[in-house]
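S.K.: Fit chain B to the given chain A structure using the hints.
2 protein chains.
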Amino acid sequence: MAYFKAYSHIGVHEEMLKDHVRTSTYRNAIMHHQDLISGKVVLDVGCGTGVLSIFCAFAGATRVYAVDASDISLQAMEIVRENELSDKVIVMHGRIEDVEIEEKVDVIISEWMGYMLLYESMLGSVIFARDKWLKPGGLILPSHASLYLAPITNSQRYQDSVYFWQDVYGIKMSSMIPLAKQCAFMEPSVETISGENVLTWPTVVAQVDCYTIQALELETITATFKYTSMLQAPLHGFAFWFDVEFNGPVRQKSKKQANQSLDAQNATPSNKKKKADVSIVLSTAPEDAPTHWQQTLLYLFEPIELKKDQNIEGSVTISQSQQHARFLNICLKYFTGDQWYVKESVMK
Amino acid sequence: MAYFKAYSHIGVHEEMLKDHVRTSTYRNAIMHHQDLISGKVVLDVGCGTGVLSIFCAFAGATRVYAVDASDISLQAMEIVRENELSDKVIVMHGRIEDVEIEEKVDVIISEWMGYMLLYESMLGSVIFARDKWLKPGGLILPSHASLYLAPITNSQRYQDSVYFWQDVYGIKMSSMIPLAKQCAFMEPSVETISGENVLTWPTVVAQVDCYTIQALELETITATFKYTSMLQAPLHGFAFWFDVEFNGPVRQKSKKQANQSLDAQNATPSNKKKKADVSIVLSTAPEDAPTHWQQTLLYLFEPIELKKDQNIEGSVTISQSQQHARFLNICLKYFTGDQWYVKESVMK
Chain A
333 MAYFKAYSHI GVHEEMLKDH VRTSTYRNAI MHHQDLISGK VVLDVGCGTG
383 VLSIFCAFAG ATRVYAVDAS DISLQAMEIV RENELSDKVI VMHGRIEDVE
433 IEEKVDVIIS EWMGYMLLYE SMLGSVIFAR DKWLKPGGLI LPSHASLYLA
483 PITNSQRYQD SVYFWQDVYG IKMSSMIPLA KQCAFMEPSV ETISGENVLT
533 WPTVVAQVDC YTIQALELET ITATFKYTSM LQAPLHGFAF WFDVEFNGPV
583 RQKSKKQANQ SLDAQNATPS NKKKKADVSI VLSTAPEDAP THWQQTLLYL
633 FEPIELKKDQ NIEGSVTISQ SQQHARFLNI CLKYFTGDQW YVKESVMK
Chain B
333 MAYFKAYSHI GVHEEMLKDH VRTSTYRNAI MHHQDLISGK VVLDVGCGTG
383 VLSIFCAFAG ATRVYAVDAS DISLQAMEIV RENELSDKVI VMHGRIEDVE
433 IEEKVDVIIS EWMGYMLLYE SMLGSVIFAR DKWLKPGGLI LPSHASLYLA
483 PITNSQRYQD SVYFWQDVYG IKMSSMIPLA KQCAFMEPSV ETISGENVLT
533 WPTVVAQVDC YTIQALELET ITATFKYTSM LQAPLHGFAF WFDVEFNGPV
583 RQKSKKQANQ SLDAQNATPS NKKKKADVSI VLSTAPEDAP THWQQTLLYL
633 FEPIELKKDQ NIEGSVTISQ SQQHARFLNI CLKYFTGDQW YVKESVMK
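Those sequence lines, one after another, are chains A and B.
Using my numbering, the letters of the first sequence map in sequence onto residues 333 to 680.
Using my numbering, the letters of the second sequence map in sequence onto residues 333 to 680.
Among the clues, some could well be false.
Copies of the same chain look alike in the list, so a pair counts if it works inside one copy or between any two.
[Unchecked claim] Below 30 Å or equal to it, Euclidean Cα-Cα: the simulated DSSO-like pairs (lysine-lysine) are:
no., residue 1, residue 2
1, 372, 504
2, 513, 350
3, 665, 675
4, 420, 639
5, 350, 680
6, 372, 464
Source of the hints: derived by calculation from the structure; they are not laboratory data.
Keep in mind that this is a model prediction, so the values were computed, not measured.
Pulled out of the complex, with its shape left as it was, chain A reads as follows (with noise of 0.2 Å):
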């Protein structure tokens, strides 16, 4: 056996597991759609150590086909013997375009969000399921995602990354300084701030209806963005960051819905507690409790020092590399005190 590869499997799984926001939101979004679950056939894409799998067994699915392309399928096959479930839980290892299932399923189950949403995300194994599996008018859990942008100041890290090297025990060191900008924020950087460090509400970046997507949408998104300032203070960058809802079937909107709601979310800065209200949502929002995905930052080499209610108006594109599927392309242009700025980096 390969202890390093089986080491990053573990620890990743570890990691997601002990990600008790994660978790137990599923955990919760599966006993709450019940109804829906109980006395069906799931199918679970990605399923890992088959954790949520078992929730959808526990939560009265007659069968459950759990499929994982990785080696951690044949753990999950152990887990779901050792908790005699092995009549209700088929654990199948192969990727979900190549296996065979023997019938069309009533729920698709997935955690496939990926850091700021998309990156390495396995949205499209989702979508290919749907296609292939999933009955006409069948459950998707989650059901809907959100990705969100805004600006944010961040003097803290600013100074770790770059004023340290102003007087390292007193001996200059800021020749270090273009260097350690390079280093620290050529790529977006995936941390974990605060809701005081976010300078105004987020924009809606992308939508993501699981239960309409299609492929090809990812391959490019592309959105606006006004912000207004709500604090005078140094503005250090850009943090993306995402939540996922779990609606029933019922609740799939139409495109034109979508956006309609999509506009209303960026006029008010309410959004959440209005989704809260009628849905399951984890979030990995700064202000809501820490989960593994963090936020993504995209610093800035230079700060910008902002004035209460200044504007920042511009567009950000993600894109798939050509060069590497893996990598996203983010470019970020923002026009803000009479200048124009780009920002292009590269998540890998």
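M.R.: Same frame as chain A, now just chain B:
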């Protein structure tokens, strides 16, 4: 420029500089020996950003040769220039074995210590520099190093890595435990424990006198131990840590004296206090402030329930791997409760 490479450089040097215990103890040691540095010629082996070289210049050194084989030496040149010390600090980009210095030196300073003292350590380069460039009677900082080993208990770590799998959100995952143990405990683990984890006084596994040690002595190190547990507690493993002392050449000990002192240290719990009276010590012990070296842990696959005053006897051998010069083979043999155990691992 290869940013990834630069990043790893900057990240490593940033971490070392921000290790306040490390950097400020070196500074204190330099100031403590100012009479032996002022007006003298210094060689800094593995200078990194040049921080120790500049401290020596601040202490009055006439000339400092700052040598580093990595690209960070190019940054060190800039930093020296920025501090207007280019006439005193001569940065040389190359291996210590290859560089040509124009004179013999009075002082060698180096921060050569790796994890568990010897892992990826640069002690071999210091020995080379001493034999080739140090004047007789010259100063070496640090002058002495000791590697310690002690039995430890760490129920929290065992809980997090092993028992965690017994019940994950109501799901039995005990079948993960064998693999989890392999992954968590197969290799030595660099982590921070506290004094409360240590079951009794440590033994000295190796004692290095930088004035006299030969490279051959580092290839294989063997030591025996006999511990008496001060607590009734599960034995979860053994921890390595080290300290280094900054003694002047006048305090140089003969081999016989060093051995006597080694015996005395094994016998008395107060060795640390005694040393602190007479010299500056940089300690990475669990009971002292954490450093970036942390401690190096060897965890057992199965804990052993120890009674108070129960003995643990055995031996430890640390040897350079034949296959990979960087790797350390660690073989631990121990006898307790009428049974022999062997734990072999590779630090890689």
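S.K.: Under a CA distance limit of 30 Å, which applies to residue 372 and residue 504: within one copy, between copies, both, or neither?
M.R.: between (67 Å within a copy, 23 Å between copies)
S.K.: With identical chains treated as interchangeable, where does the CA-CA distance between residue 665 and residue 675 reach 30 Å or less: within a copy, between copies, both, or neither?
M.R.: within (6 Å within a copy, 57 Å between copies)
S.K.: When no copy is named, should residue 420 and residue 639 be tagged within, between, both, or neither for a Cα gap of at most 30 Å?
M.R.: Neither, since 60 Å and 47 Å both go past 30 Å.
S.K.: Under a CA distance limit of 30 Å, which applies to residue 350 and residue 680: within one copy, between copies, both, or neither?
M.R.: For residue 350 and residue 680, the Cα distance is within 30 Å both inside one copy (25 Å) and across copies (27 Å).
S.K.: Within a copy, between copies, both or neither: where do residue 513 and residue 350 come within 30 Å Cα-Cα?
M.R.: between (33 Å within a copy, 17 Å between copies)
S.K.: With 30 Å as the alpha-carbon cut-off, assign the pair residue 372 and residue 464 to within, between, both or neither.
M.R.: within (17 Å within a copy, 79 Å between copies)
Violated hints amount to a single one, hint 4; each of the other numbered hints is respected by the structure.
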